[in-house]
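Here are the chains, one letter per residue:
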Amino acid sequence: MLDQLIHLKVNGTLHTVAVPPHRTLLEVLREQLGYTGTKRACRVGDCGACTVIIDGKAVLSCLTLAVEVQEKEILTIEALGDGDRPDTLQQSFVDCGAVQCGFCTPGMVMSAKALLDENPHPDREEVRRAIAGNLCRCTGYAKIVEAIEDAATRLS
Amino acid sequence: MSEYAVLGKRLPRVDGPVKAAGTARFTDDLSLPGMLYGKILRSPHAHARIVRIDTTRAENHPGVRAVIVGEDFGDYRYGLRADTRDEYPLARGKVRYLGEEVAAVAAVDEETALEALNLIQVEYEVLSAVTDPEEALREGAPQLHDDKPGNISVHMKTSFGDVDDAFRQADYIREDRFYSQSVLHGFLEPNAALALWEAPNRITIWASKQSPYFLYRNLSNCFNVPLSNVRLIQPYIGGGFGGKNGGYPVDFCAVMLSKKTGRPVKIVLTMEEVLSSHRRRHPMIVRLKTGVKKDGTILAHDCRIIADGGAGTGVGPSTIANAFYFLNLPYVVPNVRYEAFRVYTNRPISVAQRGNGIQQIRYAADVQLEMIAHDLGLDPVQIRQKNAVYTGYRTASGMNIHSCGLQETITEAVKAAEWETHYRPWQEKEKEPLGRIATGVGIACNSFQSGARLTGHNCCTAVIKVHEDGTASLLTGSTDSGQGSETVLAMIVAEVLGTRLEDVFVPQTDSTVTPVDPGSFGSRVSSTAGNAVLIAAQDARSQLLPVAAELLKAAPEDIEFRDRKVLVRGAPDRVLRFRDLTRQTVAWGSGTSIIGQGSWGQTVPPMNFETGEGDASGAYSFGTQAAWVEVDTQTGKVTVPRMVVAHDLGFALNPLAVEGQHEGSIAGGVGHTIYEHCVEENGQNLTPNLTAYGLPTVYDLPEEMVSLSIETIDPVGAFGAKESGEGTQVSTIPAIVNAIHNAIGVWITDLPVTPEKVLKALRDRKAQDRATEGGQP
Chain X
406 MLDQLIHLKV NGTLHTVAVP PHRTLLEVLR EQLGYTGTKR ACRVGDCGAC
456 TVIIDGKAVL SCLTLAVEVQ EKEILTIEAL GDGDRPDTLQ QSFVDCGAVQ
506 CGFCTPGMVM SAKALLDENP HPDREEVRRA IAGNLCRCTG YAKIVEAIED
556 AATRLS
Chain Z
77 MSEYAVLGKR LPRVDGPVKA AGTARFTDDL SLPGMLYGKI LRSPHAHARI
127 VRIDTTRAEN HPGVRAVIVG EDFGDYRYGL RADTRDEYPL ARGKVRYLGE
177 EVAAVAAVDE ETALEALNLI QVEYEVLSAV TDPEEALREG APQLHDDKPG
227 NISVHMKTSF GDVDDAFRQA DYIREDRFYS QSVLHGFLEP NAALALWEAP
277 NRITIWASKQ SPYFLYRNLS NCFNVPLSNV RLIQPYIGGG FGGKNGGYPV
327 DFCAVMLSKK TGRPVKIVLT MEEVLSSHRR RHPMIVRLKT GVKKDGTILA
377 HDCRIIADGG AGTGVGPSTI ANAFYFLNLP YVVPNVRYEA FRVYTNRPIS
427 VAQRGNGIQQ IRYAADVQLE MIAHDLGLDP VQIRQKNAVY TGYRTASGMN
477 IHSCGLQETI TEAVKAAEWE THYRPWQEKE KEPLGRIATG VGIACNSFQS
527 GARLTGHNCC TAVIKVHEDG TASLLTGSTD SGQGSETVLA MIVAEVLGTR
577 LEDVFVPQTD STVTPVDPGS FGSRVSSTAG NAVLIAAQDA RSQLLPVAAE
627 LLKAAPEDIE FRDRKVLVRG APDRVLRFRD LTRQTVAWGS GTSIIGQGSW
677 GQTVPPMNFE TGEGDASGAY SFGTQAAWVE VDTQTGKVTV PRMVVAHDLG
727 FALNPLAVEG QHEGSIAGGV GHTIYEHCVE ENGQNLTPNL TAYGLPTVYD
777 LPEEMVSLSI ETIDPVGAFG AKESGEGTQV STIPAIVNAI HNAIGVWITD
827 LPVTPEKVLK ALRDRKAQDR ATEGGQP
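Protein chains in written order, with the working numbering: chain X, 406 to 561; chain Z, 77 to 853.
Hints may be right or wrong, so weigh each one.
What the hints assert, rightly or not - Label pairs and their calculated CB-CB ranges:
no., chain 1, residue 1, chain 2, residue 2, range
1, Z, 476, X, 522, 55 to 63 Å
2, X, 412, Z, 194, 31 to 39 Å
3, X, 558, Z, 588, 44 to 52 Å
4, X, 537, Z, 687, 44 to 52 Å
Keep in mind the hints are simulated off the structure, nothing from the lab. This structure is a prediction, so every number in the text was calculated from the model and none was measured. Glycine residues also receive a C-beta, built at the ideal position from the N, C-alpha and C atoms.
Only chain Z is shown next, with the shape it has when bound in the complex (with noise of 0.2 Å):
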């Protein structure tokens, strides 16, 4: 039974019913008095130099309004860090990927916008370009940044422990080559922005974005606008996944056709653009050497990694350090070494993904170390429990573990998928032949990180105005891009001040009016956002206090705020409305505004890019996963029919925001495994559709998902809680994986896994068991 009276309750979200009856307004159903159309002429070549561009004939077009090139934006370059700013809102001097923004155009409608750009001239010196990250590392490779030789974006090496020794002590060492493809976030509200340039220096942009002060800062600097000018309001947000974190072309073009014109300017990119030429999830090549005990036991990883981080950095930085980090989670591994090249290719950008750069490592990982078992003839499930880390583990690299109930969850996730029942090692299945639908059961674990500890701004803040009808409005930089936390940091509120959830109101962010936030990225914001608006709460309750206790004729501290009342402990005659309560704190003296403010940053230092020595987060979550598997073995079709996730996520704020958390991830990491793919053919992506990406539809999905959580009462996070939005899609694909080998006996180590690749495994597996037969008389 909780002790609470709102949290911890499966409460329907409070924007359901807007969204439910399509008022909810995304960027892209907005429109302004006077408005232009804008769109983005791309390039056509994976690498160019650009010659010349002449805009002369689309300027004449009747109906365009403006026309922009690289050159408006002078040198303006953006990025994470100061030196790695390699992104330009329009191509400068050439163009590194294919569907990169060479120009813009702003028209009276779309039709005529779409028009000019074919009319704008562009004159290219063709480069040779080279789309494969180990063939960018080569000598001789095209160069893509003149300020970065070798085409290295980002390169970290580190080491813990004696490596070489454990190796040497090792019983058994393996070494495996994994490798995990171009995923595409995936959401279906395209890139969308709506900007109104005011001279001399004011821009308002409605923009989708998770993280939406990234786009404040780059737009103050792109303008050299003051931040007080600058007035970003987000409209709902059609999902985010880590795609629309940062400014992108499609703002800044926005806001500059919009000060040249003087006329609001809207710009949507279209799917086609999104697929082909947005940012998209790190394909990763993982080289893994691991060295066990013959117990299971893990004695070192050895871990070499070349990401393909296409034409910039982005957040590329983050993705390594993660790749790095997780390394060392959920597992105890006492020696690790880590080298990893970021590497720019003729691609789209690299960024993060929901997962950001720990599926690519744990898939590999945890694959690995499936194969390990099945080498030395252990159990997949006691090779977990025999590793898992807990409580007051400390990594070799430094990561503290305060909270964690891993055990649990591979106890708990075992019991619900009913493995006793299910599974079978491949071992004993490879004597019998294999049928037409091969089935198996897998297993994974995870560990993710409550909250990303970057550097600089990391705090969040909330402020609370509590109303005199008791009602209360909660001002949050933190974003709801789907993922529920406008209503879980609702919740709190409510929980705090002893209101109703349909009490508290959370506006959308608008940078002129509620405080400056990291953004909702590495899974934060519960956990983060829910502490900063905690404090916020306590804070407003803490000035209405001395009123209750006056009016009451009680001690403070014998007052509680309970289902819209203020109560006196023991004495049951003595209550007020809480309505009064604030009607009379409002109008006390000569009156008084009840705002609360609270700030929480992480309880850790920064991430260290460099090194990766130390904390990731304040906390981190664990889970376990199964899947169910069936194999076509004559299509080589692969369906999940049933998965099962059990999660430490510290306290459950909302169960049924989890399921969906759970839910989702799953969905994303399935699809990740088996369906979504570019394919591409020099830099040219001819899949720019979601039909033959391969986003799945409710037939490719498993149509049972069982989620548990586990509670561990986290002591860093708000009321305990860690995240739970992200660490489920890591383990999705080796659970997956993993399963597949207990089907049909293949280990795929090659994503996604394609019916040609299963049945190619299939015959090379087949050849090979002969070939054995044969060489034994």
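Here chain X stands alone, though its shape is the one from the complex (with noise of 0.2 Å):
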């Protein structure tokens, strides 16, 4: 199949790519642009490690198809704080220790951060519903509840 050539605005930035039309977000976000903090995983919609944000909401980047989120603003892990700065969501990530090996994390903190990005004072259910789609063998998820409670509390 032919390449298309399309343009991506990610994290700000406009991107210029040729991609074969079938080519899903995720493989262009880690491939070709580089975005490896958003995780491949199963591949299929189950886990939501690839998750990010096109126009402020969650969106599963394996089953999205790159040339459909063209004029779209996405937003990966990249675009909130790195490693010496994390922003105040992954701060709560890690002093609540929500994070274990760290494979869920970049899709868990996008799914927190659409939510709180919408609704700043969500309550334990609605905390509990954005993250429903996002697996985690590690946590329990009981410290990634309190974590994204906690980044809420610390950004009001």
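Please assemble the complex out of the two chains, which come individually in their own frames, going by the hints.
Okay, here's the thing in structure tokens:
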């Protein structure tokens, strides 16, 4: 299949890339644009590790075709703080012990960010619902829920 | 109040920020110039002879650079011991499970590699398969390995005390059958390897390994390369839980494809490949006969196990031995008999998974103890207190307990669970009608090894380089697969050198740089590597001490290292910054390097896989769990809203990390008990995705988890620490199953506790009640 030349706006930067129409946003982000913070795990929408934010909504990049999201605002984990200067939400994940192996963490953080951007004062149930599509084998989720609530408090 | 400046504090993990930022690099995040992508062709049959493989069309496909098959690896086989090497990098002669690796391709991209797989023509002669371990033991069953008659992979038979006499003395005897299903490791990062072969004989591999030095040896043997030329660099690991210990086909194939092509090759499995054909926990049938006195005192266990080993042996001997060892703990069992068969079946290979054989046996033993308490009208807490082992106890088989806070864990768990308020015996509840939502509480105890004492190289080594600016690098081969050991080991360095956690850097394992290490399994890192780090840090400190004494004009024994300062006891005016001491030491005379080194192994002889006599570890943890369950009696759905853990872990080196371990263990245990299940048909996994398999989501796990640490300061472990990473998962299952009985009066002896099983058990109980009533005129 012929490649298409598309424009993707990722973390405020416009990228022009040639992609076959069946290529997922996850693949383009990771392999063509170098945004490897977005994790590739199940590839079929089960686990949430590839979550990014598109126009304010948490989206599974493994189920999104790159050609579909031109002219949209795409945010990846790299849009937040880096290892030296984590942002408030990331710092809450670290401080609350919500990170263990860390493989689910970027997707978890992005789901949490989408929630807090839209609803800065979520209740417990809203927090749980926001990460219900993000799997984690290490933590049992309690500390992740705590981290998101902690971030909500710190941000307000 | 802790005597320590760093240890015992709730310090966030050192790799937290890079993981939260997404800049921590896992294997799949790495790429090299000219890199090729590998894909693996898997068997569509559970058991078949490979008649012919034709790779010509695949090789000629544009973009394909190499195709490999089993013959490329010669006769190389791998396994835990010389007599258990029954695995091949790619199948030779026949395939023994559906999904077994048959061929591999390297191509310019993944799509091309996938296309090429479809062009490989394999002619199979399909053989009858056996996927049930009991059937596999029967005469005339299909045979998996020519040199292992009867499909027996491991057989262990042992006995201590006089079991027959004990049963004669017993007032009450129960015999039950329990089944624990196939459970997958459930890590989110699929197995992955990036390999680079450099002629004539150098291998560099980045692979997701919790125990990288197995693969280091495997690759040396497989490719006939000296160990000095095998460089295994460990990227961040996206969870292991026992499923990333050894070398696997993905690793061997990446190296072989790189050797064939002269290019770096990366292979990342799909989750479907992991769930369908990668390793998993041993399914086990446990037949347990227990004799007790009428006050509930245990007199004897007689246990027979049939473990489904799948098509290879893996670390199976340790699993079978572990099940025996922990038949003897955490309760006093004066007489014990055990016979286990680990059986080959045409299923993916069973290996260790968080708990390695101990869950299955403790599920049976602790639920059966609850059954006995119920039958005899005894209190579930008291029967455990009565049978609990204690400091100084030696099991009938010769395991020595040097520290034990089991009684305290029972007391604390019961208190935190408000047991007195919530517990009413089923005999009392039974008289009332069952509502739509029935609630119950359950309790169970556990014990676990602080570092499995295996044969062969079993010690950990640490090297600490103190830099002239007062910072330090800790080189260790003990990997952190997410449990937080990197942080805990760095804390030990900071404690001894009197610096801060942020002053210690722990690079990832790299086999040409870091010392050889057994690996992160059997809950060994904090206690075993911890001691090695402690010794190494003391060694480094002792190199700094004479210079400090000279500079401060003090006796070495009066010098203290604390909060980046060097102090003289009783002389507050004589102070030196630690970084000034390191700078001056490095420049002393014509200069020196400050390099501390320490090694520490287990204090006990190796586990005896034949008889199970003696210790399994130098130290044992103990714990108690209380579960609160809600059972929907109309749908059969069980939920666990609350769980309490009280764990004797010796000493909590980092309480925040400990809580994470306990909560993670609960998560794995709840999944094992209620949700996780591979639906299979003729050896094919019909649930090869995380949703169908049932990996728990946030809605499936307890919203409230209480984690209590009981500190007994063990004489063996580093700073008195014992394990906290696996023991809790051991008692999660029986605590929940016991709570279900307390809620609805049925015993679930077949995991997982699906709604169908709960409803059937409820129907059976009602039918039995009616029959009983009908029988009474």
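A quick look at each hint next to the structure:
no.: 1; hint: Z/476 - X/522: 55 to 63 Å; result: holds, 57 Å
no.: 2; hint: X/412 - Z/194: 31 to 39 Å; result: holds, 34 Å
no.: 3; hint: X/558 - Z/588: 44 to 52 Å; result: holds, 47 Å
no.: 4; hint: X/537 - Z/687: 44 to 52 Å; result: holds, 49 Å
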